[in-house]
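Chemist: Listed below, chain by chain, are the residues.
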Amino acid sequence: MSSPVTPSDFRVPPVDQVALEARAAELASRSIKKDSKRQGLLMAVAMTDLTTLEGKDSPGKVRALCHKALHPQPDAPEVPHVAAVCVYPDLVAVAAETLRGSGVAVASVATGFPAGRTDLSLKLEETRRAVAAGAAEIDMVIDRGAFHAGQFGQVFDEIGQIKEACGEAHLKVILETGELRTFDAIRRACRIALLAGADFLKTSTGKVAPASTMPVVLLMLECARDYYLETGRVVGVKAAGGIRTAKDALRYLVLVNETCGDLWLTPERFRFGASTLLNDLLMQLRRLDTGTYQRPEDFSKD
Amino acid sequence: MSDRVEVRKTYKLFVGGKFPRSESGRSYVPAAAGGVNVTRGSRKDLRDAVTAARKGLPGWSQSTGYLQGQILYRLAEMLETRRRSMVDEIGGGPAEADAEVTAAIDTITYYAGLPDKLPSLLGSQNGVSGPFFNFSTVEPTGVIGVVAPDAPALAGLMALVLPLLAGGNTVVALVSEANPLPGLALGELLAVSDVPAGAVNLLAGKREELVPEFAAHRDLDGLLLAGAPAAAPSAAAADSVKRVRYAGADAAQWSLAAPPGVAWVEPFVEVKTFWHPVAP
Amino acid sequence: MTDAPKLASERAAQADPRTLRFGETWAYAAAPEGTDHFEIAERYGLFIDGAFADAAQGATLDTLNPASEERLSSVACGGEADVDRAVAAARRAQPAWAGLPAAERGRFLFRIARLLQERAREFACLETLDGGKPIREARDVDVPLAAAHFFYHAGWADKLELAFPGGRPQPLGVVGQVIPWNFPLLMAAWKIAPALACGNTVVLKPAETTPLTALRLAEVLVQAGLPAGVVNIVTGDGTTGAALVRHPGVDKVAFTGSTAVGKEIQRALAGSGKPLTLELGGKAAHIVLDDASIDQAVEGIVRGIFFNQGHVCCAGSRLLVQESVHDLLVEKLRRRVERIRVGNPMDKNTDMGAINSRAQLERIEALVASGTDQGAKLYQSSCALPDRGYWFRPTFFTEVSQSHRIAQEEIFGPVLSVLTFRTPDEAIEKANNTPYGLSAGVWTDKGSRILWLAARLRAGVVWNNTFNRFDPGSPFGGFRESGFGREGGRQGLRGYVQLDGELLGA
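Protein chains in written order, with our numbering: chain A, 335 to 636; chain B, 68 to 347; chain C, 331 to 836.
None of these hints come from the bench; they were simulated from the model.
Values in this document were obtained by computation on a predicted structure and should not be read as measured data.
It cannot be assumed that every hint is accurate.
[To be verified] Derived DSS-like pairs: lysine-lysine, alpha-carbon spacing no greater than 25 Å straight-line: (1) C:678 / A:581; (2) C:489 / B:184; (3) A:368 / C:678.
Let's have the full structure, built from the sequences with the hints guiding it.
Modeler: Structure (structure tokens):
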């Protein structure tokens, strides 16, 4: 940052929830058909962070996930690989080994995911270790306790330090919007993350309901767009949690397409964090090609 | 004893809280007013009265209903204490005149109790299909022209003016042509009650001359006329989409024989509906 | 190479790489709504006394699709004899209709609401084809709201005494209703539903350019089993409407349309004492204060002026922006307007459709030319327009003065005038500086300021942090030259009943 950030920088314009939701609903009613649907589905595949974040995750499961990430639809070469595989820090090395040189990034959650209730020094150390183990992307959680207590400077400082600990790795800042609750709070959290150097704004851990929603992502896109126009820095947006259907994914892409435009319609700038979405995208692609409705059992469940 | 030369009253208009003579300098001798000269209002007097009423509108319309009620009640008090002089102004049989004053006082007190109820009676909270708080309230139409009946000169005027005041409007009234004295004397009561200047303006003159001017004046928002619907004023009023109503000629309506409720208020208030989103 | 001076905006775009780009990565394929599920007849008759019949003189009118200028159908053009027949049919039907148990009147209205819901897609398609509005709006606004109006008023039919305690509400008799072309089905519903709920019978005159959905509604009325003559629909032109409102057998007139025609009707009824309700034009002020939720305000502004191509009497056509946020807001608005998808109204992704008629397009063009001539600064979307049909780009003017024609006259098209103010008092003064008073909008985050402004705006509907919302339960109508009477809500019933002790009409 060229000039020091002051508390007044964390002030944001108010958000009218009803009007925001109305706009999101209006965009959700877009009808995406034929070629634009195929293109959208392929984009969504390429933007997916294939994710497994469970206590029972194993090296075997992560390897299988990585293979799926590399070749989502082995018999259809036009289907791209996904953007990243997202795992817990202890499985980063497994994923990195499988994905090396493939173009599929390893993303790791860090900073005491999902609640973030641990000491800053541990968060920094966890981040450094994940990066050292091969994570090219770090998905951190903000300190919601500090945020709700009004300690915005603390939230800002912590993001800045994690960003520093990331080194070359990209930093996605998870706001956990389901715990922020109001759109005014979400907008403020976006502002703090943008000023602190986030490379991506991310909605949710997936562990709190509601996770990603259309109005939340619309608001994040507006924040990222306005920040770009203000500073020239392009910050991405990641919608994570609760996105299970191709139809939903296309609706999110419509939000991107009509709010931020072409600069964001790339895996560099927009991501889906999801575990089950990919198979529905593949099913819908197959349906477009064959004209017949598909059955889920024909698609590998990794 | 009877050789004292009494002081006679000059009957003047009541405009903006003052008592001007007509700018036209004219007067006329009304048919039923004991042969006195009464100043005869002109279109320019109407113009001045409308200007005064427009100026008085914010003050009167934005007073609370409670305050409006108290001010109107004060007017009833003034009339009650001047009952005898008003009986003289009405003339004719004293018993009938006294009954007319009673009717006028009853009308005032009826409407004095109304302004703070109008939002409840004519407004509403509306259920809508969406996350919105939606309610309707009423606001005065604005400046309303009144053409009072010839008789009863006082009670008729009050029956027309009071519902308009209760609705928050200001008024320019043409009093009874045949006997303008009680109507003009009302100005003297208004001046000493707390009714703000410009809220009620009283003109005397010829209906034939002035009604077309009322109908055509673009800064009058509505017209309330005694008598049966008439084509000419209604047609002229259409040029500014005035709200126009006629009170008919039923004698019963000049008293509270059948209390009118809000029926005479409603045509001269505007329903305003308010939408606001509801969200955390 | 020429050294022509560059516009400031062009220079800025070159110097600053921070520009957004749209539409080069992902374009939407055409998504037209299918029309194979219904038929449009070659010609339609008048709906009188429960049956369709040609006009007595045999006259017809063509109705066009304004998006293609192709003829859709022909409808009968009713003359005096036809109006006469329709009024007589309504008169004959009225006593029995009013005499029905009120709950049964209500049940007919419930049935109509349900039938509209069942046939929603057909109505939406027809509305879009005949009028040019985007199918998204016809589908999501016009048709559902029309059904909702019938459903809402169905419930009032047996509760009128509750609406007017002590007033002993009685029907007025035969109601003559004339409706405009901007919301053809919805306006028919706004008019017919309360009239029937209160025990009146109806003669309805749809707009000349958009008669088809009203005639399809006639089919629904037959399907619902509504007794013959309770609703009669006489299509035609201005002379048909004039014959209806002047007909001595009509007991009440309800009109929605221009202020000029409203005044003519008020004059025509002068001295008759007949009740009249008028819902006329507007030039709504849409006020944005510096603490507003600005992105949502931009959405509200877009919804306010570009909804239904701006063919909306309550459109937010005068944007009053607090000076301190003017530049930011205009920049955001410019970007947003560029995103409005203009084109085939039947495409489900179209945001703005065709102008309703050539005459309306010419009026819009003339007023926009006056704006440029008088010195306002024009901004128009760069969107491509179809070759055939009647089209106008989403447009707004900045640097507009109160005295400009575009700030005073109702344009009834997708054209916004942007003015500025510095204090709330100045906003009110400018907002109220118009003969109209139909609607207004306010965007601010401060509750006390909203209430202060809303109380001072001379308008029948005030939308706060929203715009162009409608509901059958919410009274709608104007102050001043925007007309009198309300439609919707308890207050809307007042125009269709006679009460004890009421004053006489004009």
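Chemist: Now look at each hint and say whether the structure bears it out.
Modeler: Hints and how they fare:
Using a Cα cut-off of 25 Å, the hinted pair residue 678 (chain C) and residue 581 (chain A) holds, with the two alpha carbons roughly 16 Å apart. Annotation: proposed proximity of residue 489 (chain C) to residue 184 (chain B) holds, straight-line Cα distance about 23 Å (limit 25 Å). Restraint check: the Cα-Cα separation between residue 368 (chain A) and residue 678 (chain C) comes to about 14 Å, which is no more than 25 Å; the hinted pair holds.
Every hint from the earlier list agrees with this structure, and none is contradicted.
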